[in-house]
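Colleague: Single-letter residue listing:
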Amino acid sequence: MRRVLIIDDEDDIREVAALSLEATAGWKTITASSGAEGIQIALAEHPDAILMDVMMPGVDGPTTFRTMQATPAIAGIPVLLLTAKVQGVDKRRFADLGVAGILFKPFDPLTLAEQIAEALRWKDGAPSLSH
Amino acid sequence: MSTPPDAEIQALLRDLWERHLPSLVERIGVLERTAGEAALGAIPEESRAEAQSVAHKLAGNLGMFGHHQAGEIASRIEQTLKAPTPETLAELVPAVASLRQCLDGHL
Chain A
37 MRRVLIIDDE DDIREVAALS LEATAGWKTI TASSGAEGIQ IALAEHPDAI LMDVMMPGVD
97 GPTTFRTMQA TPAIAGIPVL LLTAKVQGVD KRRFADLGVA GILFKPFDPL TLAEQIAEAL
157 RWKDGAPSLS H
Chain B
-12 MSTPPDAEIQ ALLRDLWERH LPSLVERIGV LERTAGEAAL GAIPEESRAE AQSVAHKLAG
48 NLGMFGHHQA GEIASRIEQT LKAPTPETLA ELVPAVASLR QCLDGHL
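Residue numbers (the working numbering), protein chains in the order written: chain A, 37 to 167; chain B, -12 to 94.
In short, the hints are calculated from the structure, not lab data. Positions of the beta carbon are idealized from the N, C-alpha and C atoms, including for glycine. Any given hint might turn out to be false.
[Said to hold, decoys possible] To give an idea of the interface, some chain B residues facing chain A are shown, with a C-beta separation under 7 Å as derived from the structure:
hint, residue
1, H7
2, A46
3, G50
4, Q66
The shape of chain B in the complex, shown without the other chains:
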């Protein structure tokens, strides 16, 4: 089998990105909701666990689609959510905003 040129593979990846966009947007929404709770001073455990799982998934797949910086931000958010403190929770709102900004134009 001949190897398709990189451009062809990139086009196929863009198709996959488009197809999975709704779940991606939903995941970012989960992080934004959790960041909103953090801004009020505390995150319920259920929200924290869900958001950590979502951030883990984003950290694993955003880079796969070429969004490396966004993936790194998601990884930092995951680390923050593993064992949040009042100090690190304060970083959650700007981090999630950075993630959204990083993907601006691709969502």
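Just chain A, with the same shape it has in the complex:
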């Protein structure tokens, strides 16, 4: 079973994303409310993918991603950034970071898992990436 770590400072976004991935795809989700907490959980749990908000108080998503990339134990985990921003300059900036993909808020809870699977080229029935 795939395991996805959701990092977002907003309770409702975390809960809807978790509900969406669990109910529509049967994936297991783990949640964190900050980048620092997310890094700790990623180190402990080694999820198959991370879905992370861009704008968070304190340490934002891009900074958290760079810290993850500099941490060998979790550098290989694909990260998808979740953002409400749609300006071209932001898309370019995030793509240049080296993230696995960018998803936009508001997302459709019925299709979020499909978007993630498509971005990560996950095929139905494929073995979990990290196990």
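Given the coordinates of chain A, work out where chain B should sit on it, guided by the hints.
Modeller: Just chain B now, kept in the frame of chain A:
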């Protein structure tokens, strides 16, 4: 694991909506307070920053619960609050009223 029908997921989403309603109402209240300040001609920087953050959050999550039009209004309010001018500030009061009206019956 079998996939629950969409109706079941929608019911779970409605439960989440109900649970997060108090914070949603509070956020709209922040926008209404800021719009009230705008109607008087100026918004203190602290109010502007708070309202912009609130509008950003609403823009990101209202559509997730199926309230797409309200989410788009919140997004426009966020843009207005990024760099308000006297002209755009005048649009804030009707925009916030539209947001409230759009969610009427769901709050």
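Colleague: Would you mind marking each hint as holding or not holding in the structure?
Modeller: Hints versus structure:
{"no.": "1", "hint": "H7", "result": "holds, 4 Å"}
{"no.": "2", "hint": "A46", "result": "holds, 6 Å"}
{"no.": "3", "hint": "G50", "result": "holds, 3 Å"}
{"no.": "4", "hint": "Q66", "result": "violated, 11 Å"}
In summary, the structure is inconsistent with hint 4 from the numbered list given earlier, while agreeing with all the others.
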